[in-house]
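**Student:** Protein sequence lines, in the order shown, are assigned to chains U and E. Numbering follows our numbering, with no gaps: position 134 of the first sequence is 264. Numbering follows our numbering, with no gaps: position 33 of the second sequence is 184.
What the hints contain is simulated information worked out from the structure, not anything from laboratory work. Incorrect hints may have been included.
[Stated by the list, open to error] Straight-line distance between alpha carbons at most 16 Å, and here's what the computed EDC-like set of lysine to aspartate or glutamate pairs gives:
#1 U:Lys361 x E:Glu435
#2 E:Lys191 x E:Asp161
#3 U:Lys361 x E:Glu434
#4 U:Lys373 x E:Glu404
#5 U:Lys275 x E:Asp213
#6 E:Lys422 x U:Glu352
#7 E:Lys425 x U:Glu375
#8 U:Lys275 x E:Glu334
#9 E:Lys208 x E:Glu183
#10 E:Lys231 x E:Glu198
#11 U:Lys361 x E:Asp449
#12 U:Lys373 x E:Glu460
#13 U:Lys349 x E:Asp273
#14 U:Lys371 x E:Glu404
#15 U:Lys373 x E:Glu462
#16 U:Lys361 x E:Asp433
#17 U:Lys277 x U:Glu241
Computed from a predicted model, the values in this text were never measured in an experiment.
For reference, the chains in residue letters:
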Amino acid sequence: MKALVAVKRVIDYNVKIRVKADKTGVETANVKMSMNPFDEIAVEEALRLREAGIVSEIIAVSLGVAQCQETIRTALAMGADRGVLVQTDAELQPLAVAKLLKAVVLQENPEIVIIGKQAIDDDCNQTGQMLSALLGWPQATFASKLKISDRHAEVTREVDGGLETVSIRLPAVVTTDLRLNEPRYASLPNIMKAKKKPIATTTPEALGVDVTPRLTILKIEEPPKRQGGHKVGSVAELVDKLKTEARVI
Amino acid sequence: MAALVVAEHDNAAVKPATLNAVAAAKEIAGPEVDILVAGKDCRAVAEAAAQIAGVRKVLLADDGAYDHGLAENVAPLVIKLSENYSHLLAPATTSGKNLMPRVAALLDVMQISDISVVVSPDTFVRPIYAGNALQTVQSKDAIKVITVRGTAFPPGGATGGSAAIDPVSSTGAAGLSEFLGAELSKSERPELTSARVIISGGRGMQSGDNFHLLEKVADKLGAAVGASRAAVDAGFVPNDYQVGQTGKIVAPELYIAVGISGAIQHLAGMKDSKVIVAINKDEEAPIFQIADYGLVGDLFKLLPELADELERRQ
Chain U
131 MKALVAVKRV
141 IDYNVKIRVK
151 ADKTGVETAN
161 VKMSMNPFDE
171 IAVEEALRLR
181 EAGIVSEIIA
191 VSLGVAQCQE
201 TIRTALAMGA
211 DRGVLVQTDA
221 ELQPLAVAKL
231 LKAVVLQENP
241 EIVIIGKQAI
251 DDDCNQTGQM
261 LSALLGWPQA
271 TFASKLKISD
281 RHAEVTREVD
291 GGLETVSIRL
301 PAVVTTDLRL
311 NEPRYASLPN
321 IMKAKKKPIA
331 TTTPEALGVD
341 VTPRLTILKI
351 EEPPKRQGGH
361 KVGSVAELVD
371 KLKTEARVI
Chain E
152 MAALVVAEHD
162 NAAVKPATLN
172 AVAAAKEIAG
182 PEVDILVAGK
192 DCRAVAEAAA
202 QIAGVRKVLL
212 ADDGAYDHGL
222 AENVAPLVIK
232 LSENYSHLLA
242 PATTSGKNLM
252 PRVAALLDVM
262 QISDISVVVS
272 PDTFVRPIYA
282 GNALQTVQSK
292 DAIKVITVRG
302 TAFPPGGATG
312 GSAAIDPVSS
322 TGAAGLSEFL
332 GAELSKSERP
342 ELTSARVIIS
352 GGRGMQSGDN
362 FHLLEKVADK
372 LGAAVGASRA
382 AVDAGFVPND
392 YQVGQTGKIV
402 APELYIAVGI
412 SGAIQHLAGM
422 KDSKVIVAIN
432 KDEEAPIFQI
442 ADYGLVGDLF
452 KLLPELADEL
462 ERRQ
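Please model the complete structure; the sequences and the hints are all you need to start from.
**Tutor:** Below, the structure written as structure tokens:
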């Protein structure tokens with residue numbers, strides 16, 4: 131069966147972001163971009179399913195500006211078979227992304243879509259759930275274990291109180307949590323090989339999807355700074371301060 | 152304008168995060184806030200929800216299909232009820248995050264995730280980039296589907312109300328998914344997201360066994376025990392201990408970080424705490440920059456000392 135993974139290009143997780151002075155956004159010029167870490171986990175999980183003989187082909191999809199090609203190449207270097215780029219310079223919000231992915235899914239007919247639980251830029255945590263809703267498929271979010279057998283996926287999910295296991299009918303959407311796996315690094319030979327793997331390019335117009343944003347971003351600001359940095363010399367002094375100065379115990 | 156809050160519960164009791172979501176809903180819709188209790192044999196939850204201060208009405212959907220809150224089954228119910236509401240809200244917990252985007256997509260609207268401020272009924276502030284920036288967004292959609300960051304909205308009273316309970320009919324099971332089981336952590340301690348005091352351990356704890364040093368202090372303070380992602384990844388404690396961007400977001404009165412260096416990931420989950428204490432042997436650790444009170448030293452010596460000092464001065 132085919133697996134489809136969606137990979138988002140985001141500011142690298144090690145970069146300390148800077149809010150633009152005019153409050154219109156976050157500085158992205160000359161900033162290192164990478165694949166969303168949760169999507170790396172999604173790619174890795176698809177690769178493991180292929181290595182286990184369950185998945186036959188892995189398609190990596192990215193949506194956005196032309197440079198999203200690089201993110202797809204990263205997925206191909208990890209081992210995905212081919213890529214699809216839905217290219218647009220428009221701002222894409224999760225509902226639009228889910229609609230575009232639905233259109234790609236209907237063309238490719240995967241049995242499973244694996245996607246990061248959230249992107250580390252907008253922190254929305256929506257796309258996987260929206261995609262499965264639009265397809266009328268089941269969803270298993272925040273997966274920390276995935277087992278496929280007999281046209282079903284058994285998924286252990288990370289929930290607030292601990293772990294929960296559900297069985298979902300395939301085709302389905304699974305979103306990844308941190309502990310699902312540890313993604314591999316692409317080897318140099320695989321990076322070279324990835325350059326020859328095909329990437330098909332399409333557009334929202336060609337897919338017939340209206341991507342007009344539903345949310346208007348009015349401004350982006352820095353959060354208030356916390357004043358810290360005071361040290362105390364002993365446990366007794368700490369307890370004193372907590373009792374008499376901070377009055378929290 | 153009216154708001155429907157999807158209650159978080161375990162078929163026995165209302166989870167505290169529901170109260171934070173109700174608080175946000177009241178800022179939006181004033182007196183027109185209803186609560187949906189969807190579950191199985193969950194009448195007691197509805198009765199508790201009816202007592203929450205400022206709630207107009209409780210909708211009770213009691214059916215086997217809603218037993219474990221499977222999104223595939225609950226989303227159609229919320230959609231059926233949505234025609235009477237301008238706003239649909241849920242706490243930004245794992246269940247709210249699982250359910251609400253499914254609701255939003257089926258209504259063809261964008262969800263507004265994890266709001267921290269209500270500016271007006273269509274405009275909200277929400278943290279992005281792990282809380283390193285705040286985004287103000289305005290929704291153009293007819294129905295606003297929202298998840299609420301609990302720590303940003305102080306809970307109102309759990310009692311004082313006397314709302315009517317209206318049963319609503321079931322939309323049935325979608326037949327797409329099935330609940331198999333859960334391993335939920337049992338603890339006598341308060342829940343992380345509602346605790347007044349939290350003491351968390353990081354990689355510096357060196358092992359899970361050493362967490363009993365934190366527990367001794369926690370006992371003296373009535374505190375919840377948490378952990379950094381590093382400590383969870385190292386296998387010291389289960390994932391539900393995790394405080395941080397990818398774990399739980401907390402904002403207690405007092406947060407004590409022990410053996411935690413202060414990765415951005417962790418700070419994102421606790422930096423809104425009222426008072427932060429850091430105990431770490433590395434005086435250059437970034438956690439000290441945001442701590443109100445820093446104590447440099449060996450945690451294996453300082454934690455027993457702290458437990459003794461609290462005992463002595465109780």
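**Student:** If a hint holds in the structure, say so; if it doesn't, say that too.
**Tutor:** Results for each hint:
1. U:Lys361 x E:Glu435: Holds. Lys361 of chain U to Glu435 of chain E sits at ~12 Å (cutoff 16 Å).
2. E:Lys191 x E:Asp161: 9 Å, holds
3. U:Lys361 x E:Glu434: Holds - the C-alpha atoms of Glu434 of chain E and Lys361 of chain U are around 10 Å apart, at most 16 Å.
4. U:Lys373 x E:Glu404: 13 Å, holds
5. U:Lys275 x E:Asp213: 30 Å, violated
6. E:Lys422 x U:Glu352: 14 Å, holds
7. E:Lys425 x U:Glu375: 13 Å, holds
8. U:Lys275 x E:Glu334: 14 Å, holds
9. E:Lys208 x E:Glu183: 9 Å, holds
10. E:Lys231 x E:Glu198: 22 Å, violated
11. U:Lys361 x E:Asp449: 15 Å, holds
12. U:Lys373 x E:Glu460: 12 Å, holds
13. U:Lys349 x E:Asp273: 14 Å, holds
14. U:Lys371 x E:Glu404: Holds: Lys371 of chain U and Glu404 of chain E sit about 14 Å apart, inside 16 Å.
15. U:Lys373 x E:Glu462: 13 Å, holds
16. U:Lys361 x E:Asp433: 13 Å, holds
17. U:Lys277 x U:Glu241: Between Lys277 of chain U and Glu241 of chain U the Cα gap is close to 14 Å, so the pair holds against 16 Å.
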